[in-house]
Amino acid sequence: MSQVESQTSKVSPVEEDQLSGAVVAEESDLLARLRAGDERAFEALVETHHGTMIAVARTYVRTRAVAEEVAQEAWLGVVKGIDRFEGRSSLRTWILRILVNTAMGRGGREARSVPFSSLGNEQDEPAVEADRFRPPGAAFAGHWNAYPGDWSSLPEEALLGRETLDVAKQRIEELPDAQRAVITMRDIAGCSADEVCEVLDISAVNQRVLLHRARSKVRAGLERHLDG
Amino acid sequence: MASSPDHITCQELVEQVTEYLDGALSVEETELLEQHVNFCEGCDWYLDEMRRTIATGNRLREVHVPDKVLQPLLTAFRERRQS
Chain A
27 MSQVESQTSK VSPVEEDQLS GAVVAEESDL LARLRAGDER AFEALVETHH
77 GTMIAVARTY VRTRAVAEEV AQEAWLGVVK GIDRFEGRSS LRTWILRILV
127 NTAMGRGGRE ARSVPFSSLG NEQDEPAVEA DRFRPPGAAF AGHWNAYPGD
177 WSSLPEEALL GRETLDVAKQ RIEELPDAQR AVITMRDIAG CSADEVCEVL
227 DISAVNQRVL LHRARSKVRA GLERHLDG
Chain B
858 MASSPDHITC QELVEQVTEY LDGALSVEET ELLEQHVNFC EGCDWYLDEM
908 RRTIATGNRL REVHVPDKVL QPLLTAFRER RQS
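Protein chains in written order, with this note's numbering: chain A, 27 to 254; chain B, 858 to 940.
FYI, nobody ran anything at the bench for these hints, they're computed from the structure.
Do not take every clue at face value.
Here are the simulated SDA-like cross-link-like pairs (lysine to any residue), alpha carbons at most 20 Å apart as the crow flies [what the hints assert, rightly or not]: (1) A/Lys-195 with A/Lys-106; (2) B/Lys-925 with A/Lys-195; (3) A/Lys-195 with B/Arg-935; (4) A/Lys-106 with B/Arg-938; (5) B/Lys-925 with A/Glu-155; (6) B/Lys-925 with A/Thr-74; (7) B/Lys-925 with A/Ile-80; (8) A/Lys-243 with A/Leu-201; (9) B/Lys-925 with A/Glu-95; (10) B/Lys-925 with A/Ala-172; (11) A/Lys-243 with A/Asp-227; (12) B/Lys-925 with A/Tyr-173; (13) A/Lys-243 with A/Tyr-173; (14) B/Lys-925 with A/Ala-67; (15) A/Lys-106 with B/Arg-935; (16) A/Lys-243 with B/Arg-909; (17) A/Lys-243 with B/Asp-879; (18) A/Lys-106 with A/Ala-91; (19) A/Lys-243 with B/Val-926; (20) A/Lys-106 with A/Arg-59; (21) A/Lys-106 with B/Glu-876; (22) A/Lys-195 with B/Arg-938.
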């Protein structure tokens, strides 16, 4: 992969920026190892992306079992295509695009018709329940009735302990599929907003609404666990 | 949103947090939000909770892939070079 190539590609300025310097070097090194048949590099690649792939696949197919099959099939596509990868996007984006194409290629009853069609309800869900704020007409309407907790005063292990991580994991698992896919890509895998939009083919606004709802629910779940 | 131009309420602020953290608010909106947080302990804590929620997500990156998934992929990877 060369700088010139990435300049002529379709990736957004943000992604181009992220692909610069050290990241490009690291990725071309990884790519060279994969092409040379380095099994440990491939194993690490699978371990890095497999969980995200399942989360994304679940937005396109009906069951987790089918999503796992789709991820498996997509990996075979990655193996076949690795010599043809041109570095026009990050390796991760390329892998996730293969996954989405594999999922969408599943016809019939396994596929969902329009995975990201219904943002209607999500627009109306408040991040925090309305009764946590002073009601309209009251003095200081819209300001906190009851403050959220001060997590900075909690001991480190309360927030980062296994039990709390399990609560977060469970809350993410319970999210609607599209919200789960977006929060998994952004907060677990560390994708940029642009990368999510490109992979899932959604608008920047939809990406942000889905992420906002997802994070708000995970925060609320953690709040019940930590403050309750 | 029915907010007067010189301040936002806590209830409005919690809906802008994701845009704020992504740097997607306008300069004016960012100023209003930061001004509010400077004077409101509840929203300061809320913003901190959201940052810590994101940090929790960072720690959920699973690295264990079951053998029954990994082994067939490694086999395919190995065979790729021979085909």
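task: Could you grab the alpha-carbon distance between A/Lys-106 and A/Ala-91 and see if it respects the 20 Å cut-off?
output: violated (23 Å)
- prompt: Keeping to a limit of 20 Å between CA atoms, is the pair of A/Lys-243 and A/Leu-201 held or broken?
  reply: holds (8 Å)
message: Next pair to validate is A/Lys-195 with A/Lys-106; report whether the Cα-Cα distance is within 20 Å.
response: violated (33 Å)
- prompt: Going straight from one Cα to the other, do B/Lys-925 and A/Lys-195 come out at no more than 20 Å?
  reply: Roughly 23 Å separates the two Cα atoms, so the pair is violated.
message: Can you confirm whether the C-alpha distance between A/Lys-243 and B/Arg-909 stays at or below 20 Å?
response: holds (13 Å)
- prompt: Is the straight-line distance between the alpha-carbon of A/Lys-195 and that of B/Arg-938 20 Å or less?
  reply: violated (38 Å)
- prompt: Given the proposed pairing of A/Lys-243 with B/Val-926, does the C-alpha separation stay at or below 20 Å?
  reply: Given that 20 Å is the threshold and the Cα spacing comes to 31 Å, the pair is violated.
query: Does A/Lys-243 pair with B/Asp-879 here, judged by a C-alpha cut-off of 20 Å?
result: Between A/Lys-243 and B/Asp-879 the Cα gap is close to 18 Å, so the pair holds against 20 Å.
query: Do the alpha carbons of A/Lys-106 and B/Arg-938 lie within 20 Å of each other, as the hint requires?
result: holds (10 Å)
Pairwise hint evaluation, B/Arg-935 against A/Lys-195, where the allowed Cα distance is 20 Å at most: violated (34 Å)
query: Does B/Lys-925 pair with A/Ile-80 here, judged by a C-alpha cut-off of 20 Å?
result: holds (15 Å)
task: Sort out whether A/Ala-67 lies within 20 Å of B/Lys-925, counting only the CA atoms.
output: Holds. B/Lys-925 to A/Ala-67 sits at ~18 Å (cutoff 20 Å).
In the structure shown, a violation is registered for the earlier hints numbered 1, 2, 3, 5, 10, 11, 12, 18, 19, 21, 22, in ascending order.
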